[in-house]
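Chains as they are written, first to last, in my numbering: chain R, 7 to 1096; chain Y, 37 to 511.
For the record, the hints were derived by calculation from the structure and aren't laboratory data.
Where hints are given, some of them may not hold.
[Said to hold, decoys possible] Here are the simulated DSS-like cross-link-like pairs (lysine-lysine), alpha carbons at most 27 angstroms apart as the crow flies:
hint	chain 1	residue 1	chain 2	residue 2
1	Y	397	Y	447
2	R	464	R	170
3	Y	425	Y	151
4	R	492	R	569
5	Y	372	R	923
6	Y	234	R	923
[Said to hold, decoys possible] Per the computed footprint, the stretches of chain Y lying under chain R, defined by three or more beta-carbons under 8 angstroms from a beta-carbon of chain R, are:
hint	segment
7	108-118
8	179-192
9	252-263
10	279-293
Here a beta-carbon is modelled for each residue, glycine too, at the ideal position from N, C-alpha and C.
Chain residues, written in single-letter form:
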Amino acid sequence: MAVGVGWGGSARGDVPGATEYRRFVQPLLAERCLGCHSQAVVGEQEAGVDGQSFRADRLAAGPAGEVDRQWITPGDPDASEVWRRVTSTDADLRMPPPEHGSALSADELARLQRWIEEGAVAEPFWADESPQASLARKPASAKHPSSDAARDPVIDVLLERAWKDAGAAPAKESSPEAWLRRATFTLTGLPPTIEELDRFLADDSADARERAVDRLLASPRFGERMAALWLDAARYADTHGYHADAHRDQWRWRDWVIDAFNANLPYDRFVLDQIAGDLAGEAPMKEDALGDAADRRLATGFLRNHMINFENGAFAEEYRAEYVADRVHAVSQALLGTTLSCARCHDHPYDPITTEQYFQFFAFFNSIDEQGLDGDRGNAAPAAPAPTREQRGRLAELEGALAEIDRVLQDREDDFVQGQRVWERRTRAEGSFVATPTGAIVRLTFDDGTLEELGQAKPGRPPLDVLGSPLLLPGAEGGELLVDGKSHVACALPRPLDISEGASVCGALQFTSDEEATLWEFGGADASGSPTHRLRLVAFPRTQRLRLVLLEGAEERAELLWKLSFERNVWTRLAVRFGGSDEDAAIEAFAGGRALSLIPSEEKDEASKEGVQQAQPKLATLELPQLRGIGFSRFSFGGAEEASGVAGILDDAAVFGRPLTLAELDAAAGGNAITDALAVDEAARTEPQTRSLADWYRRNVDPIARDLLKRRDEAAADVAAANAAIPHAMVARDLPQPRPTHVLLRGRYDSPAKLVSPRSLDFGSFSGEVSRPDRLGLAENLIRPDHPRTARVAVDRLWRICFGQGLIATPEDFGLRGQPPLHREALDRLSVEFVESGWDVKALLRRIVLSRAFALSDDGPPATWSADPDNRLFARFPARRLEAEMVVDRPRFVAGTLQERIGGRSVFGFEPGDRWKDLSYSPGDFTAQIYRSGVGEDLYRRALYTFWKRASPPVTLSLFDVSQRETCQLVRGEQRTALQALATLNDPTALDAYRSLGCSLADEQSRPEEDRLVELFRSATSRSPSTAEVAALTRELASFCEALAANPADVEATLAGGFEPLPEPARTAERAAWSLMATLVMNLPEASEY
Amino acid sequence: MNPTQGRRSFLQAGGIALGSLAFAQLSGNPVQADAAGSNLTYPPLPNLPHFRPKAKRVIYLFQSGGPSQIDLFDPKPELVRRNGQEIPAAAIAGQRLTTMTAEQSAKPIVGSPWKFERCGKSGLEISELLPHLRRVADDICLVRSLQTEAINHDPGITLMQTGHQQPGRPSMGSWVTYGLGSEAENLPAFLVLVSGGKPGDQPLYQRLWSSAFLPSRYDGLRFQSTGDPAPYLSRPGGVSRELEARLHAGIASVAAANEDAATLDDLAPYELAFKMQASIPDLVDFADESEETLALYGDDVREPGSYAGQCLLARRAIERGVRFVQLYHRGWDHHKNLPARLPEKCELTDRASAALVTDLKRRGLLDETMVVWAGEFGRTAYCQGELTKDDFARDHHPRCFSAWIAGGGFKSGFTYGQTDDFSCSVTENPVHVHDLQATMLHALGVDHLKLLYRREGRDYRLTDVGGRVIEDLLA
């Protein structure tokens, strides 16, 4: 490919010949020779004139980039092996060999000959040398201080010089409003408002543009705009991507990106934190200024954004290897502009990167503590809590309150010890102590005498509903209830119970049958009394299982299974405790005070492997947080209205609003632990006895302790609730011992070969050696100021954000086959100054946006265009099509309906049809299978927040060239297609905005029509319409009015749709006409450009 | 259009002028093809086709999930004889088995309970489950020796459709339309139709019809089975066509008032959009099909999203010049209850697949239209789970599976490739997925080694680093 543009003059200050090498020789070698004469084909063998060991990537291999004299003799083509071979007439000798391509053209030969004759000056490959070194090789005279303070000493001076050298006259400058539009879209993703335009046009001070740029960079919209592009590179999505493509919660990482840009996180930190934030320690900057970007561990979500698989029958290690390879790909592409992937299977065909080097780089990312198959239930491990700033504050507050109660308890400890001794003495003296845990919300004892009396409330107990026909038996310790499978008792709870905050349920039962039976059930109801959730404990005497199941409507949502030996006609005292003393807030079951063993999920898997897993959807494991927010208002004992209950005898049911201690559970189960302990002398008690007794006294006897502990329980529940509300994100966390990394033959997970240790990439003389063999060592290597790629890649990317194309035409490839930058010195200088500025992203963007090139129009001499069709010179600024997010956001912003709020859970905006349904897998088993459009605010958020399903990305964004977010993508197309036109005309989110905009203009009847048309036009195009355009607008409005008057059905149809009902008078012809005008103006080709 | 080329170059290339704007006709009459502009929508690459094509268009009937070759196309009497016996270790030695059955203690052989018969003049053997296909046996080319590398659905289907197991590569339809463009006027070049799709059927992904790094206009357009076929095709609320035309004309007229007349070329997408609002509803409306044709495809042809309906839609699309129609039918993943579920799938698809071949042939379109029927892999000779008297199932099997191709320059009434007695391995004439892709491209006049796109310094192609044209398959 012709990198060379038509102007061949050497850059000033260059050693003569170097320019020719860079512009002609090196690309020629890359295109015509490198396919064979490369690392991959020739390898590392010693050079010799056997014709096989010439390395096209090493021709300029001397320390200062001199040519290898074995192949080229400077000044003497005929003595140069390369020259002899390319000019040979012997088909066996000629290069390239006839089967690999045609001979070099006469022009090419002439240039090559002249270059050798003039001394064959070469230099190290530009992107393998640090920008500092590259600039240092220039003679001092080439430095170019600018005398003109208004001109950027790098961008303006160097670009203008290049234009001059190329004989390309730059286009004329854009109008001020076009510039403001371009700057505003570039930096915030939204157009300027009319007020902003007016203020800017009225401001004739010298620094008006500087101040406008500062205002835009300070806007929180800046972070959203920048994040949108980084999400493509970082392959961010809200689903796992492979196979069932279920959801993940990774949006906190997306919010990290937004805050990182808004806080102007230095770029070296941006890189380091995303690669190794978990290893990097505390944030050195003040948290407040950083927002979410203070969470360095969260930053490593970048490494976990890859797709994740859990397809049944797949090989875990195969996919784990893919995840690591994806990290290598994303890091090398997005941060280093290097195409490493080739070297996974074989040495890189063009760039000097061996497979061994590939796997040395791979090794950094190979130790993350992850599963190959994971993610079927949301996030894949490792994940970490990622609280928002508000949540962090609230949690600290609640933890403080808890600590305060603990302090009071501690202060009073002496009183409690004394009080306990007094109580013990007195109770032993009385001799008839029965331990019963106090504080039950409901207690059902059936000691009332008759069934009628059960139906009446009495102190401490609500009235009971009796279903079926149970028998009340007189028992040794009061009454018992004999029930058949169709009988039960139930009652309303005095207040809704949030079980997730801790609870216990006890009950005594005697089974008289082996049938599956419900023992008890909690029921929740919505405001209208319709049942919502139910939590049910079911016995399976035959299979010896006890099952706790959460139902939502008729559908089972989650379960827990325990093993229990049932005995008939014997009292079984069962208890279930929610959120015991354990930190992890378990749900446990007890029989006779002893904990039952959970049936582990592996065993369930084993059972289901027999058949086919997908036919027997595995129910989720019930965890306490799933019960959060469900207010259970009803409790039934011995079955529920819809489920048959136990056949047998019931007694002593109690519901507690707190997790009981083990001693209390024992007591509730009729155990004697407390009374036994009490009987033992204080000194002779075992440790557990001492503890249980102390606990008992405080929980059940001492009124002050009891009250304080109750408050402590509440405070602890608040902390637990606050913790549980904290979203998680997938992050990087390494295994305690690094996983050994082998070279994988042909990249295959099951073909390990040589063991390798981690090493960053070498570039020319730049060493990939690391200070420590982990990701932090890697990150520190990458952000070294003299790294040949990191700063250049960043500068190029920021340039591309502003101009739509980078200084490098092949941003994914800064290697030998990529296109070298035309404005190379500008790139190098900006890179060095970027590093020297402390990697200040906003400062660099500020420079670029204030440069002359950014202010140019595309209105210039056509001669320049034909000489430089790809605009590599940046001597003009072709209008850019709005990027995808801008397309979606703009109508809402102009109409004033955009809901601006930074961050948060991804939202479900409007999507046409049921786009997911035709593709999705099994909605009963996996999340993100059915699209449910959101309501209210969700329909009006910025497009960046739209839930991203990889199998079926948001349709409008897809139509406008957004990456699919499956792999790292650096460049978006700017295609213009008919499907896009349909979207901007008919997408209901856009129509809703056009309608809103049109109606408010129509309603301003006191304003002259022309004013309103001008305002509409300006809000779409940022410029004032010409007289001819005003006339056209007026004509079209009249035409719409006329058409609508003739066809009233169209008034209705035009204003139909939309997400909110129109205010009165709802559907007037005037409003319809203006809504059509809004549609028209917003769809002008010019309105979709900036 | 390359945005950096500037607007004027587009105009010079023959872009539209205001006068040609068909939507300026306010009459609302059916849109007439506009010779000036529409053919430029999807032009071929300058050097393509590389040689004289046999086929011009493709209808790819993708049977997602992995249909059982043993019960449909690859008769194995030996399996029937050994029904219930443990599969010989040698037959599956060295093969990767999925984790669903690798550890299964017994792997009893299941012979197909369905009869095979030699059909037509060619004597091509087809199972009784496909009675309609049997009638067009002489029109199809049956490949019994397809091989893939993937053993799971996601990588398997991704390899079949993009030439690579992992995401990130352009789909076959995108490569073909990128290279050859499209002759369709006012329609997308690459159309995607989905049928089947009940809970539990293997999922599909946009990446299967994505253009990936090729320009996004070569993305397949997936028609939705409910609502507008193409997204946003009609305006919600349904304004009159006349008002719609007035809106389009208004956009053009206000744009024309801009002194920078060069912006007019940007109206081309609007013009095409307006035309598509007529051409797409016309495409999906079967009103002009004869009762006899409808009957040929089967009773459910009128059901939106049915396989039969999609087959007929595919024919209508290629008649209008659409280059590539990718159809997916889901639900061939029979890990359990195969004796009930496989016949059910055949019932849903057999008639229409055969009808499509018949219909194309009688219209003289089959010669230039390649109809391909394939899934992502085959199924095991041994039973997954318990083998009982009337129930069995089969796991994924990548080492050999069957596909057929009709028309488009492929041989007809021809069987290619052989497998061993257990349908476990290919014994003769293996056809790798990349070979099938290379051969399909070859029939379209494309050298798979020359249809390239450079990215990351590398020249990418559909067949990755493999693929050879199987000349034997071509007539």
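- Hint by hint, work out which the structure violates, then give me just those numbers in ascending order. Hints 2 and 7 contradicted; others consistent.
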